[in-house]
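Undergrad: The residues making up each chain are set out below.
Protein chains: 2
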Amino acid sequence: MVDSRPDCVIVRFGGEVWLKKGWTRRRYLRLLLRNMKRTLKHFGVDYDEIVRLHGRVLVRSHSAMEVSSHLANVFGISSVSPAFETSSGLEDVVAKSVSLADGALGAGNSFAVKCTRVGKHPYSSGDICREVGSKVLEAFGEERGLRVDLGAPDVRLGVEVRGDSAYIHKEVIDGVGGFPLGSQGRVVGLLSGGVDSAVASWLVMKRGAIVRMVHFDISPFISDAAVTRVVAVARVLADWAVGFARHLYLVPYGDALKAIVTECPRRLTCVLCKRMMYRIAERLAERMTAKGIATGEALGEQASQTLHNLMILSSAVSKYPIHRPVFGFDKAETARLARRIGVYEPSNEQAGVCRAVPKKPATKAKLKDVLAAEAELDINGMIEASVKELKMLTL
Amino acid sequence: MVDSRPDCVIVRFGGEVWLKKGWTRRRYLRLLLRNMKRTLKHFGVDYDEIVRLHGRVLVRSHSAMEVSSHLANVFGISSVSPAFETSSGLEDVVAKSVSLADGALGAGNSFAVKCTRVGKHPYSSGDICREVGSKVLEAFGEERGLRVDLGAPDVRLGVEVRGDSAYIHKEVIDGVGGFPLGSQGRVVGLLSGGVDSAVASWLVMKRGAIVRMVHFDISPFISDAAVTRVVAVARVLADWAVGFARHLYLVPYGDALKAIVTECPRRLTCVLCKRMMYRIAERLAERMTAKGIATGEALGEQASQTLHNLMILSSAVSKYPIHRPVFGFDKAETARLARRIGVYEPSNEQAGVCRAVPKKPATKAKLKDVLAAEAELDINGMIEASVKELKMLTL
Chain A
1 MVDSRPDCVI VRFGGEVWLK KGWTRRRYLR LLLRNMKRTL KHFGVDYDEI
51 VRLHGRVLVR SHSAMEVSSH LANVFGISSV SPAFETSSGL EDVVAKSVSL
101 ADGALGAGNS FAVKCTRVGK HPYSSGDICR EVGSKVLEAF GEERGLRVDL
151 GAPDVRLGVE VRGDSAYIHK EVIDGVGGFP LGSQGRVVGL LSGGVDSAVA
201 SWLVMKRGAI VRMVHFDISP FISDAAVTRV VAVARVLADW AVGFARHLYL
251 VPYGDALKAI VTECPRRLTC VLCKRMMYRI AERLAERMTA KGIATGEALG
301 EQASQTLHNL MILSSAVSKY PIHRPVFGFD KAETARLARR IGVYEPSNEQ
351 AGVCRAVPKK PATKAKLKDV LAAEAELDIN GMIEASVKEL KMLTL
Chain B
1001 MVDSRPDCVI VRFGGEVWLK KGWTRRRYLR LLLRNMKRTL KHFGVDYDEI
1051 VRLHGRVLVR SHSAMEVSSH LANVFGISSV SPAFETSSGL EDVVAKSVSL
1101 ADGALGAGNS FAVKCTRVGK HPYSSGDICR EVGSKVLEAF GEERGLRVDL
1151 GAPDVRLGVE VRGDSAYIHK EVIDGVGGFP LGSQGRVVGL LSGGVDSAVA
1201 SWLVMKRGAI VRMVHFDISP FISDAAVTRV VAVARVLADW AVGFARHLYL
1251 VPYGDALKAI VTECPRRLTC VLCKRMMYRI AERLAERMTA KGIATGEALG
1301 EQASQTLHNL MILSSAVSKY PIHRPVFGFD KAETARLARR IGVYEPSNEQ
1351 AGVCRAVPKK PATKAKLKDV LAAEAELDIN GMIEASVKEL KMLTL
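Protein sequences appear in the order of chains A and B. Under the numbering used here, the first residue of the first sequence carries the number 1, and numbering increases by one thereafter. Under the numbering used here, the first residue of the second sequence carries the number 1001, and numbering increases by one thereafter.
Just chain A, with the same shape it has in the complex:
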């Protein structure tokens, strides 16, 4: 049996990265390698070197399992396999594969062998599969009651032959997918501290955009626990963006909200509040050279999230688009993803509710009523004041 600890990790990229051409693809791969290195360094995981293979990246490390679990969470990586390296000689490949199978296959297990090959070799991929399969059965097939099952095997042995070397593994761990972080520019992500907005920002990060996290601090309309909560959520998100700025921007918004509550019809409070947030976010996007705003709005989830109100909200801004990555998500789907991301628990901490929410918020606010109410407000003054007093927390 081989040393039970794999000595390297095979890293695969999503198909979408490979679809890019020339300069774009090279830039993506460079970013991805940088993000991989920074992630391993940040989490204190040892490795010897990172090298490119054909269509893969190889990380040599004696902490291959740990390397795998961290890299599976790097955006742009579609899967990883802790593996054993050997020469591409047929005998070596077969010996190492049988040895790995010895440790991996238990009584009554079914297995399959899959081989990919790049380079010139005196054998085909099919030869490898047949040879490894028959040698495994010969060595301990009867004794353990093993059988081959190409459809849904208990264990899939993988052999990846690349030039003079071969890499043998017994599992493919799903990576998080997406594009390398930093490949798509910047977005302002509005975080309430709740689940939806955290997942929305994460989805934008997954697709490669850097998120400038912004929270509107509505105290005294909510307890201080709201800021504590959003900081905890933002810390989790920052851990997905190793190597990028770990900041959370707090917009003091209590005065603006107070003006809305006292000067305008109460049933319009939520719509007016959100329109103002959008406007401030637009100003921040401009300052931060971001190219869009991401929110956690899901169709129909709350009174402010009816199609009608989203239309009224969106019309408050025109330069920067509002992206709503969880628009079509059910609450249960968002929660499931939140657990995977790690934001579910912090975002479910009690933070109280906004005391400015009226008993009967409008679900079909009329634009002319909204505009009339806004005429009573010093919109520009409110934007300027909030942006001026912006606070930056380092997470």
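Treat the hints as calculated values from the structure; they're not laboratory data. Fair warning: this is a prediction, and the values are worked out from it, not measured in the lab. Hints should not be assumed to be uniformly reliable.
[To be verified] BS3-like, lysine-lysine: derived pairs with alpha carbons at most 25 Å apart:
#1 B/1364 to A/359
#2 A/366 to B/1319
#3 B/1331 to A/366
#4 B/1319 to A/364
#5 A/21 to B/1359
#6 A/360 to A/331
#7 B/1331 to A/20
#8 A/360 to B/1020
#9 A/20 to B/1021
#10 A/366 to B/1020
#11 B/1021 to A/360
#12 B/1331 to A/21
#13 B/1021 to A/364
#14 B/1020 to A/364
#15 A/21 to B/1364
#16 B/1360 to A/20
[As the list claims (entries may be wrong)] Output of the computed footprint for chain B on chain A, the stretches with three or more beta carbons under 8 Å from beta carbons of chain B:
#17 105-119
#18 131-145
#19 194-207
#20 218-225
#21 295-302
[What the hints assert, rightly or not] Derived DEER-like restraints, expressed as beta-carbon distance ranges:
#22 A/372 to B/1018: 34 to 42 Å
#23 A/349 to B/1381: 51 to 59 Å
#24 A/265 to B/1018: 53 to 61 Å
#25 B/1345 to A/265: 49 to 57 Å
Note that the Cβ used here is the ideal one computed from N, Cα and C, for glycine as well.
With chain A's structure known, arrange chain B on it following the hints.
TA: Positioned in the frame of chain A, the structure of chain B alone reads:
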């Protein structure tokens, strides 16, 4: 053993439906019942009656399996269980449960019993679980080598006691979730015929909004296969919206695109084309009293879908928001969902590519260049002409 065919179906709604209050909840349930009836009628599935239980709906039918599989695809339903009805007397419940277990449990299986109860009964839910569990073990536990496993059993027996009746089942089939179709107003959904836009429109439908499907017909810049393809895709989507209008709107767009290609810088073609589509969609939304526009754009997927270009695109319209439900999806995730929906195959039919796409489309089009180019076009004339020649196909 009981008649192996269940005689009813227990239908459960998503938690989000229950979160709604008073009038809204009643409206949702009314819509849901109507959509359920129409779906069963459309697919020719027999049932005797549909009745409300506490927090559930019950469908009595001797085609319970067929009813279940169709209702699992009705938006707003979170799960269904084909079930056997009996009285809520303890002996009846236990006898029916043991009988169902007899047919459901094979050699070596593990099982669990779960009970929910509404109403007054001389027993608790726990009593039912214990009694059914021990009677099952007594009857054929030893013979078949059964064991109880509350964590991850092979078979979960479910007992739902409601007043004088009880419903016994052995499986909970996941429903599609979301909100009842028709509960959230209307959206214009732009369909290209490809996977992304089909999934985007479906996600909007899932959250309860009616989608007015619109396709821009760019012939002669693409083969006629493009229209054939989008019709096939739209038919699949219409089957998810039984009881609603089965229409696909075709916007003749060849002349507009020709003007863009001939009058404007070639590298801006795609951005200008999409901005014009957004404008026309906005006009259609107005005419159709829709309250938003849904597209299949995913961040970074194509040259026209960089954050920068999405910003330039979005700024073409201001009255109606552009919703992008697959904004944060990887291609592989969209494809997985497309298979579940049934649009994967029709949307992967060969339809050729748009011949107007330039060799080097701009990924960072400048707004001032875009506006300058548009100054050469008769924007309003193009919108009017397209809207005037709108064709409606019945699917």
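Undergrad: Does each hint hold? Answer for all of them.
TA: Here's how the hints hold up against the structure:
no.: 1; hint: B/1364 to A/359; result: violated, 46 Å
no.: 2; hint: A/366 to B/1319; result: holds, 13 Å
no.: 3; hint: B/1331 to A/366; result: violated, 38 Å
no.: 4; hint: B/1319 to A/364; result: holds, 15 Å
no.: 5; hint: A/21 to B/1359; result: holds, 13 Å
no.: 6; hint: A/360 to A/331; result: holds, 23 Å
no.: 7; hint: B/1331 to A/20; result: holds, 13 Å
no.: 8; hint: A/360 to B/1020; result: holds, 13 Å
no.: 9; hint: A/20 to B/1021; result: violated, 49 Å
no.: 10; hint: A/366 to B/1020; result: holds, 22 Å
no.: 11; hint: B/1021 to A/360; result: holds, 12 Å
no.: 12; hint: B/1331 to A/21; result: holds, 17 Å
no.: 13; hint: B/1021 to A/364; result: holds, 16 Å
no.: 14; hint: B/1020 to A/364; result: holds, 16 Å
no.: 15; hint: A/21 to B/1364; result: holds, 16 Å
no.: 16; hint: B/1360 to A/20; result: holds, 13 Å
no.: 17; hint: 105-119; result: violated (count 0)
no.: 18; hint: 131-145; result: violated (count 0)
no.: 19; hint: 194-207; result: holds (count 5)
no.: 20; hint: 218-225; result: violated (count 0)
no.: 21; hint: 295-302; result: holds (count 4)
no.: 22; hint: A/372 to B/1018: 34 to 42 Å; result: holds, 36 Å
no.: 23; hint: A/349 to B/1381: 51 to 59 Å; result: holds, 56 Å
no.: 24; hint: A/265 to B/1018: 53 to 61 Å; result: violated, 30 Å
no.: 25; hint: B/1345 to A/265: 49 to 57 Å; result: holds, 52 Å
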